[in-house]
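Enquirer: What follows is each chain in one-letter form.
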Amino acid sequence: MTASQVALAYLVASVLFILALKGLSHPETARRGNLFGIVGMVIAVLTTLALAKSIWLIVGGIVIGGAIGAVVARRVQMTQMPELVAAMHSLVGMAAVLIAVAVVNNPPAFNIPDPMPRGNRLELFIGTFVGAITFSGSIIAFGKLAGLGKHFRLFSSAPVVFKGQHLLNLVLAIVMIGFGLGFFFAGPDGQWLPFLVMAAIAFVLGVLIIIPIGGADMPVVISMLNSYSGWAAAGIGFSLNNNMLIIAGSLVGSSGAILSYIMCRAMNRSFFSVILGGFGAAEGAAAAGGEQKTVRSGSAEDAAFLMSNAESVIIVPGYGLAVARAQHAVKEMAEKLIEKGVNVRYAIHPVAGRMPGHMNVLLAEAEVPYDQVFEMEDINSELGNTDVVLVLGANDVVNPLAEQPGSPIYGMPILQAHKARTVLVNKRSMASGYAGLDNPLFYMDKTMMVFGDAKKVVEEIVKAI
Amino acid sequence: MHGAIDPTIINLTVFVLAVFVGYHVIWNVTPALHTPLMSVTNAISSVIIVGALLAAGAETLDFGTLMGAVAVGLAAVNVFGGFLVTQRMLEMFKKKERKEGKREA
Chain Y
764 MTASQVALAY LVASVLFILA LKGLSHPETA RRGNLFGIVG MVIAVLTTLA
814 LAKSIWLIVG GIVIGGAIGA VVARRVQMTQ MPELVAAMHS LVGMAAVLIA
864 VAVVNNPPAF NIPDPMPRGN RLELFIGTFV GAITFSGSII AFGKLAGLGK
914 HFRLFSSAPV VFKGQHLLNL VLAIVMIGFG LGFFFAGPDG QWLPFLVMAA
964 IAFVLGVLII IPIGGADMPV VISMLNSYSG WAAAGIGFSL NNNMLIIAGS
1014 LVGSSGAILS YIMCRAMNRS FFSVILGGFG AAEGAAAAGG EQKTVRSGSA
1064 EDAAFLMSNA ESVIIVPGYG LAVARAQHAV KEMAEKLIEK GVNVRYAIHP
1114 VAGRMPGHMN VLLAEAEVPY DQVFEMEDIN SELGNTDVVL VLGANDVVNP
1164 LAEQPGSPIY GMPILQAHKA RTVLVNKRSM ASGYAGLDNP LFYMDKTMMV
1214 FGDAKKVVEE IVKAI
Chain C
385 MHGAIDPTII NLTVFVLAVF VGYHVIWNVT PALHTPLMSV TNAISSVIIV
435 GALLAAGAET LDFGTLMGAV AVGLAAVNVF GGFLVTQRML EMFKKKERKE
485 GKREA
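Respectively, the protein sequence lines represent chains Y and C. Residue numbers for the first sequence, in the working numbering: 764 to 1228. Residue numbers for the second sequence, in the working numbering: 385 to 489.
The set of hints was computed from the structure by calculation and includes no laboratory data. Yeah, the Cβ is synthetic: ideal placement off N, Cα and C, and Gly gets one too. Be aware that a few hints might be false.
[Stated by the list, open to error] List of simulated lysine to aspartate or glutamate pairs, DMTMM-like, C-alpha gap at most 20 Å:
no., chain 1, residue 1, chain 2, residue 2
1, Y, K1226, Y, D1134
2, Y, K1182, Y, E1095
3, Y, K1103, Y, D1150
4, Y, K1209, Y, D1134
5, Y, K1218, Y, E1145
6, C, K478, Y, D1134
7, C, K478, Y, E1130
8, Y, K816, C, D390
9, C, K478, Y, E1138
10, Y, K1182, Y, E1223
11, Y, K1209, Y, E1102
12, Y, K1103, Y, E1074
13, Y, K1209, Y, D1065
14, Y, K816, C, D446
15, Y, K1099, Y, E1130
16, Y, K1099, Y, E1223
17, Y, K1226, Y, D1065
18, Y, K785, C, E475
19, Y, K1099, Y, E1138
20, C, K478, Y, E1223
21, Y, K1219, Y, E1074
[To be verified] Sample of chain Y residues with no beta-carbon within 10 Å of chain C, all distances over it, derived:
no., residue
22, S767
23, L771
24, K785
25, R794
26, R837
27, A858
28, G927
29, V934
30, L956
31, L1022
32, L1039
33, S1071
34, I1142
35, D1150
36, D1208
37, I1228
[Claimed, not checked] Computed, partial: chain Y to chain C, Cβ under 8 Å:
no., residue
38, G832
39, S1036
40, P1168
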């Protein structure tokens, strides 16, 4: 194949990748979109294989890696999607670093002159450090999401903060750029030392950047790492002069950036305040000392009675539903209520759960028809004339303090559960939510708390209806 | 104007245009599909595997080709895992549609 033919095949693959993302604009076209993506990938890989001079290592890598990927994709639980996505980001990051090492080792294998020109060095430097940060940052995010904090403190879902953290990060970043410039100006003999030190610092930085960010900010973190993995791929594309890699990388990079923006907007927080981390650590202690207020708590039977006599019920799912894996039980409950003539709908807050769209996937898994599932903007006006709102394992996203000037979460868009005629809240305990704030919703006269694991409670409700 | 265009400039042109395309395409993605969006972008960014293929496919077996082989393996996990898990999720969104259709019929 000539270089031009290769470039044309890559162009076809790039267009297919764009169509893959375009398909996601609607559930009906999404599957076809995914197919476009697969075809694009096959074209890209086969074209490149035609350039390879020996294929044994390649076959080995694809067989082993592909088998692992296929098994994981089949076995993974929908509640574990955030962990899976984080793990996959880390692989892209690591692959970028390894490719960069191979390029430094033998530029001619990539059609780059030896010694490598300065321009390629700069691009390689960028691709490497973004890849390294993506790798180690995603490992930390994975640990936090998988709840490994008990075994290893860096994985704690509470922010890990220490004095001088931001200063340390800044100094490390500057030193890293220094070594990167060293690599940029180095001749072919002295290039390994600055390259490796730069990569090592980037790995450390990835860890340090993610540890201060707490569990409920994970939707932002995971989108941000998604973005980084794309920029890393684009960086490698620059250094290999491969337009397809640049296009695919920029698509992914902008996708992650937009998701981060949407998530930040849904929490009314700036991207920087999320990245600087530490949120929820200090406020938590302060809220614990508040005065004792009384809550009304009831049984699952009471909840069942209230809901089956209502005309309309809106269910607000949150992270607690994912932890308890209660989605199937919820769907069963909704079906029973619908049989009784109750109008049942679901209200999804953009940051409910641990990643963008987390709740939608769980409900889809339980085969909840998607015309019953509404985004926040579409259903908020309905909450006021709803008989019963059932909040399942959500807290901050229904906290009316967000509408009170001066509160730490003031301005965060919330689902206005407090406007409904009756509010049922299922939680495991009265512990405050991620923001460390008390939730006045729980103390309202029309609110009834139903304590317990979301799945058990919902199953009891199903029995009682 | 003298000489040929530096390849970096061509790369930059492609990059800037691709970011614009990405921006407009992603804003049209329905929020309900944000999780599949993340898994499919994961699979797409694994097209970095072409770099790994070049490294692993070099003539002589050395340190660089081994690095390339490992990178091929890592990226392959994502290529297969990413597309398959996306398919699995979208299948769920599809199933409901069929059921709805039957109910309406």
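Enquirer: A separate judgement is required for each hint: does it hold in the structure or not?
Expert: Evaluation of the provided hints:
1. Y:K1226 / Y:D1134: violated, 26 Å
2. Y:K1182 / Y:E1095: violated, 26 Å
3. Y:K1103 / Y:D1150: holds, 15 Å
4. Y:K1209 / Y:D1134: violated, 28 Å
5. Y:K1218 / Y:E1145: violated, 26 Å
6. C:K478 / Y:D1134: holds, 13 Å
7. C:K478 / Y:E1130: With Cα atoms ~9 Å apart, K478 of chain C and E1130 of chain Y stay inside 20 Å; holds.
8. Y:K816 / C:D390: Violated. K816 of chain Y to D390 of chain C sits at ~28 Å, over the 20 Å cutoff.
9. C:K478 / Y:E1138: holds, 19 Å
10. Y:K1182 / Y:E1223: At roughly 26 Å apart (the allowed maximum being 20 Å), E1223 of chain Y and K1182 of chain Y break the hint.
11. Y:K1209 / Y:E1102: violated, 26 Å
12. Y:K1103 / Y:E1074: The given pair, whose Cα atoms are some 9 Å apart, holds under the 20 Å limit.
13. Y:K1209 / Y:D1065: holds, 13 Å
14. Y:K816 / C:D446: The given pair, whose Cα atoms are some 14 Å apart, holds under the 20 Å limit.
15. Y:K1099 / Y:E1130: Roughly 14 Å between the alpha carbons, so the hint for K1099 of chain Y and E1130 of chain Y holds.
16. Y:K1099 / Y:E1223: holds, 13 Å
17. Y:K1226 / Y:D1065: holds, 12 Å
18. Y:K785 / C:E475: holds, 17 Å
19. Y:K1099 / Y:E1138: Given pair K1099 of chain Y, E1138 of chain Y is violated - Cα atoms ~23 Å apart, limit 20 Å.
20. C:K478 / Y:E1223: Status violated; Cα separation ~30 Å.
21. Y:K1219 / Y:E1074: Violated. K1219 of chain Y to E1074 of chain Y sits at ~24 Å, over the 20 Å cutoff.
22. S767: Correct as stated: the minimum Cβ-Cβ distance to chain C is 14 Å, above 10 Å.
23. L771: holds, 14 Å
24. K785: Contrary to the label, K785 of chain Y does not stay out of reach of chain C, its closest Cβ about 5 Å off (not over 10 Å).
25. R794: Nearest chain C Cβ is 5 Å from R794 of chain Y, so the label is violated.
26. R837: violated, 7 Å
27. A858: violated, 4 Å
28. G927: Correct as stated: the minimum Cβ-Cβ distance to chain C is 34 Å, above 10 Å.
29. V934: holds, 30 Å
30. L956: Per Cβ check, L956 of chain Y is outside 10 Å of chain C; nearest 16 Å; holds.
31. L1022: violated, 6 Å
32. L1039: Fine: 24 Å to the nearest Cβ keeps L1039 of chain Y off the interface.
33. S1071: Holds, since 22 Å exceeds 10 Å.
34. I1142: holds, 13 Å
35. D1150: holds, 24 Å
36. D1208: Fine: 34 Å to the nearest Cβ keeps D1208 of chain Y off the interface.
37. I1228: holds, 21 Å
38. G832: holds, 3 Å
39. S1036: violated, 22 Å
40. P1168: This hint is violated: P1168 of chain Y lies away from chain C, its Cβ roughly 28 Å from the closest one there, beyond 8 Å.
Against the hints set out earlier in the document, violations occur for numbers 1, 2, 4, 5, 8, 10, 11, 19, 20, 21, 24, 25, 26, 27, 31, 39 and 40.
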